[in-house]
Structure formats: C-alpha cells, structure tokens
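**Q** Residue numbers (the numbering used here), protein chains in the order written: chain A, 362 to 575; chain B, 362 to 575.
No lab work stands behind these hints, which were simulated from the structure alone. Please read these numbers as outputs of a predicted model, since none were measured by experiment. Any given hint might turn out to be false.
[Said to hold, decoys possible] On the chain B side, residues computed to face chain A include the following (Cβ under 7 angstroms):
hint	residue
1	ALA396
2	GLU524
3	SER539
Beta carbons: idealized from backbone N, C-alpha and C, even for Gly.
Number of protein chains: 2
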Amino acid sequence: MVLVELGASEPSADNSRLDILSAAADCFMERGYGATSIDDVARRLRATKGRIYHHFPSKADLFAQIFRTGMDLNYEALAPIRSMPGKAIERWTRLARAHTMQMIKAKPFQRVVWEGVEMHLRGSTTPEQRNVLSELIEYRTRYGDIFRNEIAQARADGDMQFENLSIANQIALMTLNSPIFWYSRRPGEADRDTENIVEQVVGFALRGLNGKTG
Amino acid sequence: MVLVELGASEPSADNSRLDILSAAADCFMERGYGATSIDDVARRLRATKGRIYHHFPSKADLFAQIFRTGMDLNYEALAPIRSMPGKAIERWTRLARAHTMQMIKAKPFQRVVWEGVEMHLRGSTTPEQRNVLSELIEYRTRYGDIFRNEIAQARADGDMQFENLSIANQIALMTLNSPIFWYSRRPGEADRDTENIVEQVVGFALRGLNGKTG
DNA sequence: GTCTATATACTGATAGAC
DNA sequence: GTCTATCAGTATATAGAC
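Build out the structure end to end from the sequences listed, making use of the hints.
**A** Listed below in structure tokens is the structure:
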C-alpha cells in the first residue's frame, strides 16, 4: 500500500518509518497479529529486523501505531461532513459513504483497527499491549459514537426506525465495515465501480435502519 | 460451554473428548487460534497437554474438529426448514432466524468457524492446516449457498431487490453472523429476550435486502 | 541506520513412567 | 488414559560490528 497520501510532513523524507508501517499493515492483514513475526515484516521489506527495532520499540507498539494511523484516516474522512447542517439521516448517509470508502481504500490499516478492537473485546492482551491499546480503544469508541448520535437523532426526527439503539448501531457499523473482509480490488476496476460497491453497502445499511429518504 | 446437547451417543461416556473440544473452543474464542497454546487449553481443563495429545493428533486437527462441530450444528438447525414449501422470502427468513440463533447459542464454536474461514481467505495456513481445512471450507461454502439460492429466488419472485447477488449475500450473512462479535448473555436474560435480539438482526437484514413481506 | 550475531523464553509435539 | 520430562524449532528483543 502507498503511504505518501498519509499526510507525511515532507515528501520522501523519513520514508523508513512509513515503509515499515505499511509493510507491517500488509502482513497483519494477511496473517493476523499473532501469526506475523517481526522477521516476516522484515522479509517483506527486504531487510532484517534490526531495521524495524531501530524505529519501533516493540511489536505491540508497531501494531498500535498502525491502529492509530488507521483511525486518524477515518476521523480525517469524516471531519468535513460532521459539521454539515441539515437532517441527521442525510448526514449519517454521507458519513457512512466516507467510512465505507475508507474501509476499501485503506484496507490493511482498517483490518488492524478491527483486530485491535477484537483483541480488546476478548481481553486477549498482554499487560504491555493493554497499556498501548486502551487509549486507542477509547479513540475508536468515540468514533462509533459519531454514527450512534446521528441515528439516534434520525430516529427522533422520524426518519429512521429501530428498537435498540446500541444493537442498531452495532449492526449498521458491521455492515459498513464488511468490505474489509470480502472486498478485493479487481484488475480493471474504475473509481465508478468502487463507488457503486459503496452505494450497495450503504444502501443496505440505510434500509436496515428503516431509513426514509427524500 | 455445555456440550451434552451436541448429540453425544451416550450420556457421560467419552466425556474427555467433548471436554477438550469445549475448552479449546472457549480458548480459541477468547484469544484466537494463533495466540492460544496447547498449554492454555490444558490449563483450562486443569490438566496437562499429555491428555490433549492422547485424543487429538495436533493443534490444527483440534481446531478443525471444532470447526466441523460448529458447521454440523448449523446444518442441523437448517435441516427442517430447507424442505419447507412456500415462498423463498419466507424460507429465507426462517433460515436466517435459525442461523442467527445458532450464532448466539454456540458462540465459541461459531467464532472458530469464522476464524477458519478467515484463515483460508487470507491464505494464512500452514500446509498441514490447509489439508485439514480445505474440505471444511467447501462445507461452509455450500452452507452459504443455501442462503444465496433463496435470495436469488426471492428476487426472481419480486419479493427482494438488490443489485449484485454475491455482495448482497455477503452483507446479509455478515449481518446475521454479527452477534458472535457483540452479543454476550446478560445475567437475567430470558429466552424471550434472546429471540427479540434475533428478530432485530433478521429484520435488519431483511430490510437491507429490500424484502417485501406480507 | 542497518546489519549479524545471540540471549532468553515459549511453542508444538514426542517418549516413556505410572 | 494421564502425567512428567524433554527435544527441536521459532519467537521477541538486545548488543555490538560496520
């Protein structure tokens, strides 16, 4: 995955850090955190692990920094939409589109975010990992609340219908996240095609929430 | 998790195998396959790993047998519904209810099924695991096709509307599977409450597929 | 900043006592 | 059928050469 888009301060300065992050994200996506060794990441970089440990103090820390990068990308994508005026259901739909597009565009990073949340929920963390992750989990929870607040408002507006707010938000976000599991870019795929996939996912979730548009 | 319900031939005979399967399923659910050691499973059994290796030849085989048990439960739950006459959308709804209930009732086993599919999709399998898993993956793919065929028929009947069949089925199944990630039984929860949760999940998916009931 | 050792711990799996 | 003891392989992480 190309990481130059990730808001590096200067072009082609400090590339080593970003190269490592990107290679590690790819490895974690393909084999999962536990099954990926630092040697695996080094191999993908065509280097040895000395390079990695020079830039990152531990495997858990490397994982955490990918997590943070993924969440930074998500917040960034939502930022211009959050402050838009208008009805909540409209805002939710735009937020959902931006989020789903991120799942597709930054898939390796988003898989790491997913695995981080999972590790936390299952409590399958070492004390060291817990320290590094807990702040990120809160970061991620607040992110989920952005969507939660919008569908709560939309229901109050009479534009959505569902029984339990937490369950509805969980299922809807799960739907929006789902491309990280089944999507993979096809050879001749254009931006138009990607947007079409996003539209199918968001449409499914919107109908699931009983959204009354227009 | 209690495993007596799993159709053991005789009550309290051959308990050791089932005890091991159940303890391992719990461990795999909590920490994932890679992060779970055989010693972890033995510790949960208050035993040592000699016991486990007497009944199962390898860790991969243990994982595979939990996978198979989970899928057997799923097929069993669908069996009486599959042959029901009537409209496809009605049949799909009943299948979806039975499936979602299984996700809740046999959560540890269903998490293992999920992880097995994931490992296959990511190709993060050792040659040994691949041999044991490939048959099970086919087993699971045929299972997904049961739902796929019903929504294809329902669309032909004019009772559902969606663009791409594969994507629609993926998202719908993802929705039905989602309780394995966010559901956990509450202290005073009655069967009635559980059924209510199932109904919310299935309702979401049905609306997502643009299902026109009644 | 990157490499080559190497320390230390843990893993899956086996052999043999009981 | 379950245990203890142990092997061989691999993991994270560190130290020091270059």
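**Q** Please check whether GLU524 (chain B) passes as an interface residue: C-beta within 7 angstroms of a C-beta belonging to chain A.
**A** 6 angstroms, holds
**Q** Does ALA396 (chain B) meet its interface restraint, that is, does its C-beta lie within less than 7 angstroms of any C-beta in chain A?
**A** 4 angstroms, holds
**Q** So, SER539 (chain B) near chain A? Judge it on the closest CB pair being under 7 angstroms.
**A** 5 angstroms, holds
Hint compliance for this structure: no hint is broken.
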